[in-house]
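Fit chain U to the known structure of chain P by using the hints.
Keeping their order, the protein sequence lines are chains P and U.
Position one of the first sequence corresponds to residue 1 (my numbering), numbered consecutively onward.
Position one of the second sequence corresponds to residue 1 (my numbering), numbered consecutively onward.
Quick caveat, the hints were computed from the structure, so don't treat them as lab data.
Among the clues, some could well be false.
Taking CB as the label site, the calculated pair distances span [as the list claims (entries may be wrong)]: (1) U/287 to P/25: 44 to 54 Å; (2) P/203 to U/35: 26 to 36 Å; (3) U/3 to P/132: 53 to 63 Å; (4) P/83 to U/95: 44 to 54 Å; (5) P/19 to U/213: 24 to 34 Å; (6) P/239 to U/285: 22 to 32 Å; (7) P/239 to U/83: 22 to 32 Å.
The beta carbon of each residue, even a glycine, is placed where N, CA and C say it ideally should be.
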Amino acid sequence: MSRRNLRIVVGVLVAAALLYAPYYFQPAMNQTLSRAIYFAVAAMGLNLLTGFNGQVSIGHGAFFGVGAFTTAILMNDHGWSFELTIPMAALVAAALGVGVGIPALRVKGLYLALVTLGLAVLFPRVGQKFVEGQGGVAIIRPKRSGFDSLLTFLENDQWHYVESLLIAAVLFLGAWNLSRSRIGRAMVAVRDQEVAASTVGVHLARVKVGAFALSAAYAGVAGSLSVMVDRAADATDPIVTFRNSIEFLVAVVIGGTATITGPAVGALILILLRRETDGLIEGKEMLSPAIFGGALIAMVYVLPGGVVGGLRKLADRLLPLRDDPTAPVAAAALEPEAVAAAEVSASTSDLHHQGEP
Amino acid sequence: MDVDLFLRFLLNGIGNGAVYGAMALALVLIFRTTGLLNLAQGEMALFSTYMGWGLTATGMTIFGLQVLPGGLPVGLAIVVSVLISAVLGAAIERFLIRPVHGPDKSPLNVLIVMLGLFLGLNALAQLAFSDDAEPMPKPWPSKASPGSPTGSNRFWQVGDLRIQASIVAMVVMLAVVCLLLYVLFQRTKVGLKLRAVASNPESARLVGINSSRMLMLGWAMAAGLGALAGCFVAAERTSVNPGLMAVVLVYASAAAALGGFDSPVGAVVGGMIVAIAESMTVGYVKALSTIELVVPFGLILLVLLVRPTGLFGKRTVERV
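With the rest of the complex left out, here is chain P (with noise of 0.2 Å):
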């Protein structure tokens, strides 16, 4: 079976399941399938902003949070419906995302994590000082009737993991476009070589900027989807932004970096993990968080390209590469040299496009 058709069979079989999930599952299981489906929205957003534009962030919660409250606000204080606060809550998120994004042009690696680590201990406290939900505390809880499914042939559970999964769908579509165009490129040309990839013509500062509004509104259309499948925007606990903020770097690092379905991989494999072990040390949530520390470690040592890297390793050894065997890459694993040459090449003449009309 060659690599082409490997591919068609397994998305087949993926999308069969996911569709068909759930009508199988009870709806607890289908509640934490969702809550994976917006996780893996997030680690999209920055898998685009770290992965292939190489700007690191970990303060991904915030704009996750605001995505979240943009949406419980709207459909509480202003009567929307949760559908129509989904694009808005991406605006919000995004508009925070231009307001980092700038200042972020001027610093980079391990001090663009520091200012975004910032952002993330910040927001809790920030959220608690102005928003007022029940009882004072920041935590809104929008009518679970606002939720309720548009579709008489599907349960609540079943409607929301069909709506978290159809946006997310669209997505990752996006995502898998961007990143094969003209502007996925000039983002990895940049990550790989700022100054080459400024002297042919692709303009930094629009690239990284573009690239943070966007991985923020991807965060923020999560934390929109968030609130419909937890119930609840929560500012109350500031470990808990903070924690989502390296979780989701977490499943982008184990799925893949730089891959369109190493967020989905990651995202899934953390929250049934993390479903799987909460409850094992009786009243402490710890246990996960331990797991995925080390976790993170060990993927840097024994899995440098993640799952979904490993798996593709695995198929470059087993399955005959491309169908054409005149492709550059094919002949690039018979001699190292002229591979390395292939792929100079190859990136230059991408870069080459760039700088045409």
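Quick look at chain U alone, frame taken from chain P:
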């Protein structure tokens, strides 16, 4: 303006400044030798602080086996915690950081390892010791008080001003640390080697300095210093809780950024400035009450944007 009130805010600021300065020093120690901004510093210190608390309380048992003794007096507990933390810090450098850190390796990997430590150490501290806020005994003179399990601070009355023992203790702690570091760096052979590695690792290796051992030493000192600062700040705020050090890390980073990431003097001065700015904000700017964290966050942004080398940092030239 009420002068007494102002002086009280100033004193509070100086007390906190000592702790932020000590944490910032820990960041600087690692930055100078490895060029890394140790994001896990806060959680390393949190683990040590819980360990310090554990040593005064029940100790630590793993599967019924008593690993660490309990019931130590608080001063001894802090010393033991500092020493164990230093060993752990060296081990972290040797086994987790060194394999992924180097000029020819991706900077993303070492960042991911540090974030793994961040997440893992926080959880480990809670698993090994306690996941609750625990009362931290005070390592300075205190008297029994009905309201709090660890007693209230003694204080000295100077005019209308009360000088709390906690503030004096923290300032003395920082002064002793600075003195020790000064003697170490300026008067000993090890200090000379440390400075050589910091200024030029390549040449240092060529003249026969074991630079990897110096890196380990840098991490060990930083971890020990973090333990000290963590225990003091927990005692000053009467308890240690799992979210304590993430916030302190933001303040310490602001201090280190302000002073310049490679300047020990800058770290101490930066710590004082940040803490005094914080306590003045708490005291006088009502609009920012409960979100005084905006101050260090804004400072970090401002310094990185306007003057990335900070007040005392050295400008480095980067070749492309």
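Taking the hints in turn, this is what the structure says about them:
no.: 1; hint: U/287 to P/25: 44 to 54 Å; verdict: holds (49 Å)
no.: 2; hint: P/203 to U/35: 26 to 36 Å; verdict: holds (30 Å)
no.: 3; hint: U/3 to P/132: 53 to 63 Å; verdict: violated (37 Å)
no.: 4; hint: P/83 to U/95: 44 to 54 Å; verdict: holds (50 Å)
no.: 5; hint: P/19 to U/213: 24 to 34 Å; verdict: violated (58 Å)
no.: 6; hint: P/239 to U/285: 22 to 32 Å; verdict: holds (26 Å)
no.: 7; hint: P/239 to U/83: 22 to 32 Å; verdict: holds (29 Å)
Checked against the numbered hints listed earlier, the structure breaks hints 3 and 5; every other hint is satisfied.
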